[in-house]
Amino acid sequence: MPGKSDILQGTLDLMVLKTLETLGPLHGYGIALRLEQLSDNMLELNQGTLYPALLRLEQKGWISSEWGESENKRRARFYSITKRGRKQLRAETANWERFTGIVTRVLAGGVE
Amino acid sequence: MIPAWLSRLLATLRPRAHERRLQDEIASHLDALAAREASRGIGSEEARDRARRAFGSIESAKERYRDQARFRALENAVRDIRFALRQYRKSPAFTIAAVVSLALGIGANAALFSFVNAILLKHLPVPQPERLHVLRSSSGMVGLAYAEIERFRRDGAQLGTFLGSFPMDVSFSLGQQPEWVPAELVTGDYFRTLQIQAERGRLLDQRDLDAAAGNPVCVISDRLWQTRLGGAPDAIGRTILINTRPYTIVGIAARGFRGTDLLRPSDIQIPITRLSDFMPSFASDSRFDWRSRLFFLSTIVRLNSSVSASEAQALLTRLQRGWLQEKKLDPHETILLAAGAGGFSSHENMGKPVSILLGVSLVVLLIACANLATLLLSRTSARAHEFTLRLAIGGSRGRIFGQVLIESTLLAVFGTIAGILAAYGIAQVLLAFLNRTTPAIHQLHIGIDSEVLGFVAIIAGLSVLLFGTAPALQAARAASPGSSSAGNTRAGAGLRRTFVVAQIALSFLVVLSAGLFAETLRHLSTLELGYVPDEISAIDIRPASGGYAGERASRFYKQLVDRLRSTPGVRAAATALGPHIEGGVKMTIQAQSGERKYQANLLAVSPGYLETFGARILAGRDFDPADRSKDEGGFIVSEHLARSYFHGRQAAGNYLLLDGRKIPVVGVVSNIRDANLRDGSLDTVYQNVDKLLTSSLTVYVRCAGSCRPLLPTIRKTIHDFDPSTPILSLVTMKTEIEGTFSTEQALGFLSMLFGGLALILVAAGLYGVLSYSLTRRTREIGIRTAIGALPADIIRLFASEALIMLALGTLIGVPCSLAAVNLLRSQLFGVTPHDPGALLVCSGCIAATVILSSIAPIRRALTIAPQQALRVD
Numbered sequence: 001m002p003g004k005s006d007i008l009q010g011t012l013d014l015m016v017l018k019t020l021e022t023l024g025p026l027h028g029y030g031i032a033l034r035l036e037q038l039s040d041n042m043l044e045l046n047q048g049t050l051y052p053a054l055l056r057l058e059q060k061g062w063i064s065s066e067w068g069e070s071e072n073k074r075r076a077r078f079y080s081i082t083k084r085g086r087k088q089l090r091a092e093t094a095n096w097e098r099f100t101g102i103v104t105r106v107l108a109g110g111v112e
Numbered sequence: 001m002i003p004a005w006l007s008r009l010l011a012t013l014r015p016r017a018h019e020r021r022l023q024d025e026i027a028s029h030l031d032a033l034a035a036r037e038a039s040r041g042i043g044s045e046e047a048r049d050r051a052r053r054a055f056g057s058i059e060s061a062k063e064r065y066r067d068q069a070r071f072r073a074l075e076n077a078v079r080d081i082r083f084a085l086r087q088y089r090k091s092p093a094f095t096i097a098a099v100v101s102l103a104l105g106i107g108a109n110a111a112l113f114s115f116v117n118a119i120l121l122k123h124l125p126v127p128q129p130e131r132l133h134v135l136r137s138s139s140g141m142v143g144l145a146y147a148e149i150e151r152f153r154r155d156g157a158q159l160g161t162f163l164g165s166f167p168m169d170v171s172f173s174l175g176q177q178p179e180w181v182p183a184e185l186v187t188g189d190y191f192r193t194l195q196i197q198a199e200r201g202r203l204l205d206q207r208d209l210d211a212a213a214g215n216p217v218c219v220i221s222d223r224l225w226q227t228r229l230g231g232a233p234d235a236i237g238r239t240i241l242i243n244t245r246p247y248t249i250v251g252i253a254a255r256g257f258r259g260t261d262l263l264r265p266s267d268i269q270i271p272i273t274r275l276s277d278f279m280p281s282f283a284s285d286s287r288f289d290w291r292s293r294l295f296f297l298s299t300i301v302r303l304n305s306s307v308s309a310s311e312a313q314a315l316l317t318r319l320q321r322g323w324l325q326e327k328k329l330d331p332h333e334t335i336l337l338a339a340g341a342g343g344f345s346s347h348e349n350m351g352k353p354v355s356i357l358l359g360v361s362l363v364v365l366l367i368a369c370a371n372l373a374t375l376l377l378s379r380t381s382a383r384a385h386e387f388t389l390r391l392a393i394g395g396s397r398g399r400i401f402g403q404v405l406i407e408s409t410l411l412a413v414f415g416t417i418a419g420i421l422a423a424y425g426i427a428q429v430l431l432a433f434l435n436r437t438t439p440a441i442h443q444l445h446i447g448i449d450s451e452v453l454g455f456v457a458i459i460a461g462l463s464v465l466l467f468g469t470a471p472a473l474q475a476a477r478a479a480s481p482g483s484s485s486a487g488n489t490r491a492g493a494g495l496r497r498t499f500v501v502a503q504i505a506l507s508f509l510v511v512l513s514a515g516l517f518a519e520t521l522r523h524l525s526t527l528e529l530g531y532v533p534d535e536i537s538a539i540d541i542r543p544a545s546g547g548y549a550g551e552r553a554s555r556f557y558k559q560l561v562d563r564l565r566s567t568p569g570v571r572a573a574a575t576a577l578g579p580h581i582e583g584g585v586k587m588t589i590q591a592q593s594g595e596r597k598y599q600a601n602l603l604a605v606s607p608g609y610l611e612t613f614g615a616r617i618l619a620g621r622d623f624d625p626a627d628r629s630k631d632e633g634g635f636i637v638s639e640h641l642a643r644s645y646f647h648g649r650q651a652a653g654n655y656l657l658l659d660g661r662k663i664p665v666v667g668v669v670s671n672i673r674d675a676n677l678r679d680g681s682l683d684t685v686y687q688n689v690d691k692l693l694t695s696s697l698t699v700y701v702r703c704a705g706s707c708r709p710l711l712p713t714i715r716k717t718i719h720d721f722d723p724s725t726p727i728l729s730l731v732t733m734k735t736e737i738e739g740t741f742s743t744e745q746a747l748g749f750l751s752m753l754f755g756g757l758a759l760i761l762v763a764a765g766l767y768g769v770l771s772y773s774l775t776r777r778t779r780e781i782g783i784r785t786a787i788g789a790l791p792a793d794i795i796r797l798f799a800s801e802a803l804i805m806l807a808l809g810t811l812i813g814v815p816c817s818l819a820a821v822n823l824l825r826s827q828l829f830g831v832t833p834h835d836p837g838a839l840l841v842c843s844g845c846i847a848a849t850v851i852l853s854s855i856a857p858i859r860r861a862l863t864i865a866p867q868q869a870l871r872v873d
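Protein chains in written order, with the numbering used here: chain A, 1 to 112; chain B, 1 to 873.
What the hints contain is simulated information worked out from the structure, not anything from laboratory work.
Do not take every clue at face value.
[Claimed, not checked] Straight-line Cα separation of at most 20 angstroms, EDC-like style, residue types lysine to aspartate or glutamate; simulated pairs:
1) B:Lys90 - B:Asp80
2) B:Lys62 - B:Glu75
3) B:Lys62 - A:Glu97
4) A:Lys18 - A:Asp40
5) B:Lys716 - B:Asp540
6) A:Lys60 - B:Asp67
7) A:Lys73 - B:Asp540
8) A:Lys73 - B:Asp31
9) A:Lys83 - A:Glu21
10) B:Lys558 - B:Asp622
11) B:Lys716 - B:Asp562
12) A:Lys18 - A:Glu66
13) B:Lys327 - B:Asp67
14) B:Lys328 - B:Asp289
15) A:Lys73 - B:Asp562
[Unchecked claim] With beta-carbon atoms standing in for the labels, derived distance ranges:
16) B:Glu386 - A:Lys60: 35 to 43 angstroms
17) B:Ile81 - A:Lys60: 37 to 45 angstroms
18) A:Ser80 - B:Glu75: 28 to 36 angstroms
19) A:Lys60 - B:Leu421: 15 to 23 angstroms
20) B:Gln23 - A:Glu36: 21 to 29 angstroms
21) B:Glu75 - A:Asn46: 58 to 66 angstroms
22) B:Glu386 - A:Met42: 22 to 30 angstroms
23) A:Lys60 - B:Ala93: 47 to 55 angstroms
24) A:Lys60 - B:Ala232: 24 to 32 angstroms
25) B:Glu386 - A:Ser80: 19 to 27 angstroms
26) A:Glu71 - B:Gln23: 19 to 27 angstroms
27) A:Ser80 - B:Ile81: 33 to 41 angstroms
28) A:Asn46 - B:Pro3: 26 to 34 angstroms
All of these numbers come straight from a predicted model, not from anything done at the bench.
By construction, the Cβ of each residue, glycine as well, lies at the ideal position given by its N, Cα and C atoms.
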């Protein structure tokens with residue numbers, strides 16, 4: 001199935017952190033929606049897998065959560081990025097850029 | 001910010017809150033998804049379906065969420081523990097029996113290990129104790145002379161440093177009523193060798209020793225400082241009275257340090273050159289140079305790191321031979337070095353017995369484990385259905401193994417907790433016994449410390465492996481599909497029988513040792529003593545500590561004896577040199593003609609001593625107080641010695657040949673066994689103590705009837721006679737004698753307790769196996785009865801099972817235990833390790849146990865009617 005790709009281990013964390021940094025506090029559904037929009041449905045994301053990831057980030061202290069009310073008056077848990085989360089995001093982004101840079105260079109070299 | 005592991009742990013312990021949050025989040029997510037679809041004009045059914053598709057597998061998301069939220073392995077363990085607890089609550093009898101047998105096994109081991117640890121494994125609280133070595137001489141002489149140690153210090157300095165010590169109880173007073181305090185007379189390098197620091201002030205050094213007659217100074221322990229001087233800072237420089245002489249406290253030794261013998265702690269160190277304050281008759285005798293003639297100092301060397309023990313041994317032997325030759329003494333001696341990390345602590349008294357008891361209690365624990373294994377195997381077999389079911393609905397074999405092992409572990413945990421409580425009780429019993437031979441045992445801080453707990457953890461863990469592995473494996477195997485099949489249960493039955501055979505074999509060792517120790521105790525307590533121990537009391541009192549020496553000391557004793565004789569209720573009183581317990585001095589007498597030599601105990605006693613002990617003069621006479629001649633006077637010999645030495649010839653008026661001299665025998669007296677029953681012989685030679693110049697005697701008093709009620713009167717009489725001399729000890733001979741074999745009593749009592757325990761465990765194990773075998777074979781028995789089997793056939797069926805196990809257990813147990821009990825030899829009296837009677841009684845006890853415990857299952861088997869067989873599944 002061309003066009004859709006699996007999510008690399010760890011990249012989901014990065015995308016969730018980035019989403020929360022950009023948009024501020026958001027519930028699980030909102031995060032899933034945002035990821036879907038940004039990737040133009042190119043990502044194979046089972047939305048259910050988002051919740052274990054959110055819990056992991058929370059246990060690591062990168063995000064925090066509390067109950068709130070969604071736009072359509074529903075009870076929902078809102079996640080927001082913490083100070084440590086921002087720091088982690090910066091480090092991970094730098095890592096990611098270095099990594100993609102290497103991959104790009106290698107691939108470019110392979111073409112020559 | 002709580003760390004991830006803690007939040008996971010909390011979630012594991014309280015899973016519900018997380019579960020609810022997960023539920024709510026998923027529900028609200030699905031609702032939102034469905035609402036979006038609905039807003040695009042899709043029907044509610046279809047919208048919900050699409051939402052679910054977008055979300056993915058809800059169950060898998062939940063599982064992954066749970067894995068993230070909690071420790072699943074721990075959660076499983078907690079669940080298994082809860083399940084196991086429920087199981088145990090359902091069969092309280094089994095649980096209590098299992099926990100109690102484990103608790104007794106583990107408790108006994110913990111208690112005895114605490115003794116072994118304190119007696120055998122503790123080191124002196126000094127730096128690098130492994131560098132310390134105790135010097136012994138090959139001739140077995142007690143110690144070295146002061147001048148010898150001085151020689152080593154001078155000429156053996158390249159080896160290390162040397163200390164000499166002589167333990168002695170001294171009277172200690174701050175100006176009021178004196179009390180006895182254990183002390184050590186020490187050489188100059190004592191503290192330097194131990195590398196002990198001073199808590200306050202300074203420690204003793206060579207200058208204190210070298211001063212004319214030694215400096216009257218002392219170092220006291222931190223304990224004495226705290227308890228008697230209230231920890232006052234001005235204690236340094238304070239003058240105290242030791243044996244009525246003024247001494248200045250120059251320092252407090254490091255906290256926790258109490259001398260070189262852990263079993264006999266000392267609270268005061270005094271320069272050895274002050275000897276005349278403590279042993280005036282030796283130190284003031286001008287003809288006798290105590291510095292080179294008194295071989296009384298226990299010696300320790302701290303070797304330099306570059307010196308090996310064998311090098312030191314060689315050099316010291318050479319130095320000592322040179323010194324002995326100089327002094328015209330027998331130079332054929334070798335110095336031997338023994339490990340001295342524990343100082344002079346002598347384990348000969350108690351080390352061996354407690355090690356033996358620890359060994360026996362380990363065997364009892366093994367039996368308890370084998371017993372538990374049998375019981376648990378029966379339970380697993382009975383639960384085969386449960387395990388098969390769990391496997392069928394998706395449980396893994398590993399989880400079933402884990403579940404059964406956790407059940408065993410739980411038993412061990414309960415058993416260990418109860419065992420530690422039991423250990424306190426068992427330790428108290430043992431302490432009460434040993435306290436009588438070695439009162440200082442209280443100083444040892446025997447207790448459940450971290451080392452003992454470590455040992456308990458190890459044996460508890462090994463126990464779980466021993467009794468838990470087989471049932472857990474069995475359960476995991478039993479859980480194979482269609483496995484209630486005969487093959488598996490038969491294998492289980494074989495295992496159970498093996499464990500019962502092991503129990504029987506091991507119990508031989510325990511019961512046989514119990515029998516041997518019981519025999520030992522019986523022999524010791526029924527020995528003919530030659531006097532009534534309850535009617536005599538021994539008083540240890542030393543006038544030297546009250547400042548009397550020489551003639552004044554003898555006068556003190558004579559007047560005290562006279563005073564006691566006139567006390568109402570007292571029939572006779574006398575003195576003797578040294579406590580009766582020690583049985584005098586060993587002497588060798590030559591035969592009047594021929595080469596033969598006789599060993600005897602030489603006891604120096606006062607006139608009236610024999611009468612005090614109620615001994616009968618069989619020929620000749622007692623010593624005469626009026627006999628004032630300066631020579632040694634005559635000897636009185638015991639009947640036993642007279643018979644073997646004189647071969648029926650008249651003894652009184654005859655002579656003994658001693659070092660070529662003829663010593664006249666003035667009388668023959670009925671045998672009196674000395675209080676050291678174990679190696680006490682009946683060959684005794686008495687000499688008149690009045691001829692010796694000594695300042696330390698033991699006073700004996702015979703009462704009309706038991707002495708016990710009279711002890712306070714005697715104490716008061718002595719106090720009225722001389723309030724300044726404290727009484728070292730005042731006990732009846734009965735107490736004193738019982739004290740000498742309290743170790744044997746402890747061995748006898750505890751080993752019989754262990755023996756009984758072993759038999760109960762064997763009975764329980766066998767009963768369990770037979771009962772289980774009975775339930776399995778109900779159908780078979782019913783059918784056999786139906787087709788005409790007689791009760792005798794049924795009995796044979798079960799009896800043969802029990803008897804085969806007994807035979808196998810005996811076959812293995814007898815040779816093994818006979819080999820093992822050889823280790824007990826040194827602790828036995830009047831019985832050899834391979835005593836056929838003891839083995840017979842032991843075998844009888846075990847056989848009776850096997851037969852008695854199989855009677856009930858067999859009787860039940862006889863009542864099985866054919867119809868019953870049909871009702872069994």
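Quick rundown of the hints versus the structure:
no. : hint                                   : verdict
1   : B:Lys90 - B:Asp80                      : 15 angstroms, holds
2   : B:Lys62 - B:Glu75                      : 16 angstroms, holds
3   : B:Lys62 - A:Glu97                      : 33 angstroms, violated
4   : A:Lys18 - A:Asp40                      : 17 angstroms, holds
5   : B:Lys716 - B:Asp540                    : 15 angstroms, holds
6   : A:Lys60 - B:Asp67                      : 15 angstroms, holds
7   : A:Lys73 - B:Asp540                     : 97 angstroms, violated
8   : A:Lys73 - B:Asp31                      : 12 angstroms, holds
9   : A:Lys83 - A:Glu21                      : 10 angstroms, holds
10  : B:Lys558 - B:Asp622                    : 17 angstroms, holds
11  : B:Lys716 - B:Asp562                    : 15 angstroms, holds
12  : A:Lys18 - A:Glu66                      : 19 angstroms, holds
13  : B:Lys327 - B:Asp67                     : 86 angstroms, violated
14  : B:Lys328 - B:Asp289                    : 14 angstroms, holds
15  : A:Lys73 - B:Asp562                     : 111 angstroms, violated
16  : B:Glu386 - A:Lys60: 35 to 43 angstroms : 41 angstroms, holds
17  : B:Ile81 - A:Lys60: 37 to 45 angstroms  : 30 angstroms, violated
18  : A:Ser80 - B:Glu75: 28 to 36 angstroms  : 29 angstroms, holds
19  : A:Lys60 - B:Leu421: 15 to 23 angstroms : 45 angstroms, violated
20  : B:Gln23 - A:Glu36: 21 to 29 angstroms  : 24 angstroms, holds
21  : B:Glu75 - A:Asn46: 58 to 66 angstroms  : 25 angstroms, violated
22  : B:Glu386 - A:Met42: 22 to 30 angstroms : 52 angstroms, violated
23  : A:Lys60 - B:Ala93: 47 to 55 angstroms  : 51 angstroms, holds
24  : A:Lys60 - B:Ala232: 24 to 32 angstroms : 60 angstroms, violated
25  : B:Glu386 - A:Ser80: 19 to 27 angstroms : 49 angstroms, violated
26  : A:Glu71 - B:Gln23: 19 to 27 angstroms  : 22 angstroms, holds
27  : A:Ser80 - B:Ile81: 33 to 41 angstroms  : 39 angstroms, holds
28  : A:Asn46 - B:Pro3: 26 to 34 angstroms   : 29 angstroms, holds
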